[in-house]
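Turn these sequences into a full structure, and let the hints guide you.
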Amino acid sequence: MTGERRQPEGERQSTMKKRTSGSEEGGGGDSPSQLIDARIEELGDWRGETLARIRALVTQADPDVVEEWKWRGVPVWSHAGMICTGETYKNAVKVTFARGASLDDPSGLFNSSLEGNTRRAIDFHEGDTLDAEAFQALVHAAVALNTS
1 MTGERRQPEG ERQSTMKKRT SGSEEGGGGD SPSQLIDARI EELGDWRGET LARIRALVTQ
61 ADPDVVEEWK WRGVPVWSHA GMICTGETYK NAVKVTFARG ASLDDPSGLF NSSLEGNTRR
121 AIDFHEGDTL DAEAFQALVH AAVALNTS
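If you read the sequence shown in full-length UniProt numbering, its first letter stands for residue 1, the second for the next number, and so on.
For the record, the hints were derived by calculation from the structure and aren't laboratory data.
Treat each hint with caution, since some may be false.
As the list claims (entries may be wrong) - Have a look at the derived ranges for each label pair, beta carbon to beta carbon: (1) T118 / G73: 16 to 24 Å; (2) T147 / L43: 30 to 38 Å; (3) E41 / R72: 17 to 25 Å; (4) H140 / T118: 14 to 22 Å; (5) S148 / D45: 34 to 42 Å; (6) G73 / E126: 17 to 25 Å; (7) S112 / D45: 15 to 23 Å; (8) N117 / D30: 34 to 42 Å; (9) A38 / S102: 26 to 34 Å; (10) D104 / D37: 29 to 37 Å; (11) A144 / G116: 14 to 22 Å.
Just so you know, even glycine gets a beta-carbon here, dropped at the ideal spot from N, CA and C.
Structure representation (structure tokens):
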């Protein structure tokens with residue numbers, strides 16, 4: 001698996017930080033960012049738009065985020081450990097925060113995987129709105145937890 005630092009949209013440079021850990025998935029030598037780009041384009045509908053918006057919010061909230069491509073096709077955003085994943089399904093885009101059960105969620109964004117002691121998730125469905133400020137607050141809290 002490889003990871004690389006993702007620059008917020010409009011700030012992309014050719015100086016992306018790359019990290020390699022374990023075996024590469026996805027093949028073809030594509031970087032995780034390229035694989036995520038391809039997934040967004042491949043979806044070509046509200047799910048791709050939602051995944052792109054989530055990605056932009058994560059990279060804006062944490063300029064040092066590392067994008068990874070794991071489990072044969074799941075975008076992962078990390079900083080000193082996993083922050084969250086972005087899984088796409090037929091009727092939902094699921095953002096799972098690896099240590100979400102330990103995060104304060106005053107806006108009540110978590111609406112899935114509520115029963116466990118570790119993870120928490122947000123399921124987005126077609127037409128849902130995304131509270132950018134509250135979402136980025138969760139990203140900041142996850143990074144703070146990972147770096148504490």
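Taking the hints in turn, this is what the structure says about them:
Our hint of 16 to 24 Å for T118 and G73 holds, since their Cβ atoms are close to 22 Å apart. Between T147 and L43 the Cβ separation comes to about 32 Å, which falls inside the hinted range of 30 to 38 Å. The beta-carbon spacing between E41 and R72, approximately 18 Å, falls within the hinted interval of 17 to 25 Å. H140 and T118 have their C-beta atoms about 19 Å apart, which keeps the hinted 14 to 22 Å range intact.
Range check, S148 to D45: about 38 Å between beta-carbon atoms, so the 34 to 42 Å window is met. The given range of 17 to 25 Å is respected by G73 and E126, whose C-beta atoms sit roughly 21 Å from each other. At roughly 21 Å, the beta-carbon separation of S112 and D45 lies within the given 15 to 23 Å, and the hint holds. For the pair N117 and D30, the beta carbons lie near 35 Å from each other, so the given range of 34 to 42 Å is met.
Against the hinted window of 26 to 34 Å, the Cβ-Cβ separation of A38 and S102 comes to about 33 Å, which satisfies the hint. The given range of 29 to 37 Å is respected by D104 and D37, whose C-beta atoms sit roughly 32 Å from each other. Distance hint for A144 and G116: a CB-CB separation of about 21 Å, consistent with the stated range 14 to 22 Å.
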